[in-house]
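Participant: One-letter residues, chain by chain:
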Amino acid sequence: MAGDKQDLERIAAGIADDAALDWRLLARLDGDDADAGDGLRELSQLAQVFRGLQIRPERSSASRVQFRFAGLDVLEKLGEGAQGEVWRAYDPMLDQEVALKLRRSDSDALSHQFLAEGRRLAKLRHPNIVSVYGAAAQDGRVGLWTELVRGRSLAEVLESEGEFSAADVVQVGIELCRGLSAVHRLGMAHGDVKAENVLRDVSGRIVLADFGAAREFERDGLFDAVSGTRQYLAPEVLAGDNPGPASDQFALGVLLYRLLTRRYPYTADDLDQLRVQQLAEARVPLRDLRPDLPRSLTRAVERALAPNPARRHAGVLVLLAALEASIRPWRMQALHWAGLAAVLLVGAAALLWQLRPVQEFKLESRFYRDGAGTREPLQDGMPIALGDKLRLEIAAAQPTWIYVFNDDGSPEPTVLYPLPGVAPGNPLTPGTRWQLPGHDGITGLSWQVDSEAERETFVVISSPKRLSQVEDSIAQWRHVVSPDNALVARGVGRLAPATAPVPGEGVSLAALLQRLGCDKAEAALRCERFVFPHAPR
Amino acid sequence: MSASSLAQVLPFGRRNGERPAATGSEPTEVLIRRVRSGENVARDALVRRFLPLLRQWAHGRLPRAARDLHETEDLVQLALMRALRQIDHFESEGPGSFLAYLRQILLNQVRDEVRRLMRRPESAEIDTEMPDTDLPSPVEQLVGHERLRAYESALASLPKRQQGLIVMRLEFGMSYPEIATEVGSTPDAVRVMVARALVQLATALKPHQA
Chain X
1 MAGDKQDLER IAAGIADDAA LDWRLLARLD GDDADAGDGL RELSQLAQVF
51 RGLQIRPERS SASRVQFRFA GLDVLEKLGE GAQGEVWRAY DPMLDQEVAL
101 KLRRSDSDAL SHQFLAEGRR LAKLRHPNIV SVYGAAAQDG RVGLWTELVR
151 GRSLAEVLES EGEFSAADVV QVGIELCRGL SAVHRLGMAH GDVKAENVLR
201 DVSGRIVLAD FGAAREFERD GLFDAVSGTR QYLAPEVLAG DNPGPASDQF
251 ALGVLLYRLL TRRYPYTADD LDQLRVQQLA EARVPLRDLR PDLPRSLTRA
301 VERALAPNPA RRHAGVLVLL AALEASIRPW RMQALHWAGL AAVLLVGAAA
351 LLWQLRPVQE FKLESRFYRD GAGTREPLQD GMPIALGDKL RLEIAAAQPT
401 WIYVFNDDGS PEPTVLYPLP GVAPGNPLTP GTRWQLPGHD GITGLSWQVD
451 SEAERETFVV ISSPKRLSQV EDSIAQWRHV VSPDNALVAR GVGRLAPATA
501 PVPGEGVSLA ALLQRLGCDK AEAALRCERF VFPHAPR
Chain W
1 MSASSLAQVL PFGRRNGERP AATGSEPTEV LIRRVRSGEN VARDALVRRF
51 LPLLRQWAHG RLPRAARDLH ETEDLVQLAL MRALRQIDHF ESEGPGSFLA
101 YLRQILLNQV RDEVRRLMRR PESAEIDTEM PDTDLPSPVE QLVGHERLRA
151 YESALASLPK RQQGLIVMRL EFGMSYPEIA TEVGSTPDAV RVMVARALVQ
201 LATALKPHQA
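Sequence order for the protein chains is X and W.
1 is the number of the first residue of the first sequence in UniProt numbering; add one for each residue after it.
1 is the number of the first residue of the second sequence in UniProt numbering; add one for each residue after it.
Hints in this document: simulated from the structure, not taken from any laboratory.
We treat Cβ as the ideally placed atom computed from N, Cα and C, and that holds for glycine.
Each hint should be verified, as a subset may be incorrect.
[Unchecked claim] Simulated restraints on C-beta separations:
| # | chain 1 | residue 1 | chain 2 | residue 2 | range |
| --- | --- | --- | --- | --- | --- |
| 1 | X | Ala397 | W | Ala189 | 45 to 51 Å |
| 2 | W | Ser92 | X | Thr374 | 55 to 61 Å |
| 3 | W | Pro27 | X | Leu78 | 55 to 61 Å |
| 4 | W | Pro27 | X | Gln113 | 31 to 37 Å |
[To be verified] Chain W stretches covered by chain X per the calculated footprint, using a threshold of three residues with CB under 8 Å from any CB of chain X:
| # | stretch |
| --- | --- |
| 5 | 27–36 |
| 6 | 51–63 |
| 7 | 166–173 |
Next up, chain X with everything else stripped away, as it sits in the complex (with noise of 0.2 Å):
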C-alpha cells in the first residue's frame, strides 16, 4: 500500500537522521511492510552501533576512572541496591562504555557459576536481550557488563504515562517474546522477567535486562517485599520448581497484565495465598477492565497465565503468533468482506487454468510425532495423545503452496499452516524436507494436541498454485471463528465463535474442498485427510 510505503520511508528518514525509532508507526506496518519494520528495526540498532563508534567517548578528561575492574575504566555509579552496585564503565577493547553491575561475592562455588553464566549469557546477541560482553570475579567481587542501554524501564513509562494501549502492548509482548525465545533456545530461563527489568530504550527498543546470573545472588532476597517480584512468580516455582520458559511465560503475562491494567492479576501479600489465588484463577478479567480490548488479546494474555504450565501456550513463540494475529487481522477484515464475491470469481479463473495439467504434481507428505530426540512417523490411523507434538514433513518436487487445518467439525477449521511469523511461509521451495509449522528462525515449531477430543482430523491442501480461495478463506475465518486460531494449538473448535456465524454458505472447510474441486482428483491439487484417533487413556 502507498501510505505504507510512506510510512516505511519516514520510519528510515529516521534512522538516518539519528532520531528515535518510531515504533508506534512501525507496529502499525502489516504484511511484507511488517517484515521490512522488523528490517528497519534492526537497522536503526545498527545505526546506534555504528555512530558509537564513530564518536569516541570523551575519557579521562570528562569522567575520572574511579577503579579498574577486570581492565574496565570504572567511571561513575548509576545506581545501587541491596544486591550490589551498577556503574558507568569504559570498556578499552571495545571502544565503548559499558554498564557494569558489581557485587560482593563470598562464596568461590557462587562465583563460578556466576562467571559460568555470564559466559554463556555473552556468547547470546539479540536486540531484546541486554547484550552480556564479559564476567569476571576479582578481588572478592563478582561482575557482569553489558551494553548501556539508555532508556526507561516499563515501570516507570507505566508510572509517568499511564495504561499501555492494545497495539504498544502487543508490540512489547512480541519484542519480548523474541527475546525470551532466544534465551530459552539456549536451554536457559530468564527466571526475573517484570516491569523494572524491561527497559524501552530511547530508539523505542524493547530490551529484557538483568539475567538469573545476577539474580543467583540475590536468593536470600528472592521474597523480600521489593519492587512486586514475586507477583511474577508462577505458581510451579512458590511451589519450588526452578523457573524454566514456562514460568517466563507466566510472568510476561503478568506483566502484559499489568501494562494494560496498572495492576498485578494477583496481589496477596502472603505467598502461600498468592498460590491459592493463582491456581483458582482468582483474578479480574482483563475484559472487565478493559472491555476494549480484542477479545483475541485478553485470551492470548490470560492463557500465558494459566495455573498448569501445560495449559498455558506451548512456548513463547506460540504467544507471539497469538499477540500478532490479536491486532493485524484488523485491517484485513474491511478488505475479504468487500472482496470476498470478486475473489471466488477470479478463484473459479484460477481452478479453470489449473485444470491445464502442466506438469505432473509431485509430492510426499508425512505427519510425525516428535519424542525426547526421536521422531515417529505417523500414519493415519494411529493414536496420538494429549501433549503430543505433531509435525508434517513435506517434500515437493517443484514450488508447492501447503495449507493445513484442523478439522473438528465445526463451521471453522483452525488454521495450522500458514501461521503469521513462521517461517518457511508459502510456496515451500523444492529440494527441502520441510517441516511444518516451520520456524520462527529460531525454534522449529510442532503443533502440540492441548485438548481431548475423540480424535484429530488434519486436512492438507496442496497446490503448485497459490489458491487465493483458500487463503481468503484462511482471512475469513481469522476473523469470524476465534481469536486463538493462529495458535500453533489445538482444541480451539470448542470455543464458542466470537461473532454470529457467517451469513451464507461456502464458508465451511467442507464447502471450501468442494469448491475447490477436492472431489475430482485434479493432478495439480492435493488434498489429504489425516486422522488420528486419541488414545484411550
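Model the placement of chain W on the given structure of chain X, informed by the hints.
Facilitator: Frame of chain X, contents of chain W only:
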C-alpha cells in the same frame, strides 16, 4: 609492520609545472576522472578526503590485536593504494559508489588481516573468556557475528549507489550536506535517497530473530 608515513607510501609530491587545481569541493566522480588521467593533485585530494573516514571505520572493524594505531594506518593506506591502483577498473554506478567500492576493498583487507592474525601464535592473548568468535572486532562484539553477516550480505545485494549512500550516512557518519557534495545533489534530496536505500536494505535483510 612498521609505521609508514604517508609520504613514503603515496606519491604526494607535486611535480614542477603541474597546475595545482582546486580539489576541495570537487565531486569524487570528477576527481576519479582526473586521477585516471594521471593527476597527482587529484589523487592527493581523494586520499585526503577519504583517509580519515576509512581510518575511523577500520578502527571499529579490526580485532584488538590489529588495532594498534600503526597497523590500522597501514591497512587503510594499503586499501587506498589498492583502490587507486585499480581505479581504471572501477566502474562507477553513479555518485557515491566509489565509497562503497573503497569500503569493500578495505573490508577485504581487514578480513585478510584477521586471517593473518589467526595464524599468528600471539593471537592467543585474545580474551579466551569470550568465545563468541575467534577474533571479534568491536562491531562483531557489539552486534554479534551472525547479525553483522546478515547486514553485510543484504548490503551487498543493493545497487552500488545505494550501498554508497548507506555506508556514507550510517557507517562513516557523514552529514547530509557532506554526502550531497559527494554525490552532487542537495541535502534534502540526499535525505530522501538515504531513506529509500534503507527501506531497500531493510527488505533485503532477513529479519534477525535469533
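Participant: Does each hint fit the structure? Answer for all of them.
Facilitator: Going down the list of hints, with the structure as the test:
Under the hint 45 to 51 Å, the C-beta atoms of X/Ala397 and W/Ala189, about 49 Å apart, fit the expected range. Roughly 59 Å separates the CB atoms of W/Ser92 and X/Thr374, a value that falls within the hinted 55 to 61 Å. Between W/Pro27 and X/Leu78, the C-beta spacing of about 47 Å breaks the proposed range 55 to 61 Å. At roughly 60 Å, the beta-carbon separation of W/Pro27 and X/Gln113 lies outside the given 31 to 37 Å, and the hint is violated.
Given as covered by chain X, the stretch 27–36 of chain W fails the check, having 0 residues with a CB less than 8 Å from a CB of that chain where 3 are the minimum. Counting residues of the stretch 51–63 of chain W whose beta carbon lies closer than 8 Å to any beta carbon of chain X gives 3, which reaches the threshold of three, so the coverage claim holds. Against chain X, the stretch 166–173 of chain W contributes 5 residues with a C-beta closer than 8 Å to a partner C-beta. That satisfies the three-residue criterion, and the hint holds.
In summary, the numbered hints that this structure violates are 3, 4, 5.
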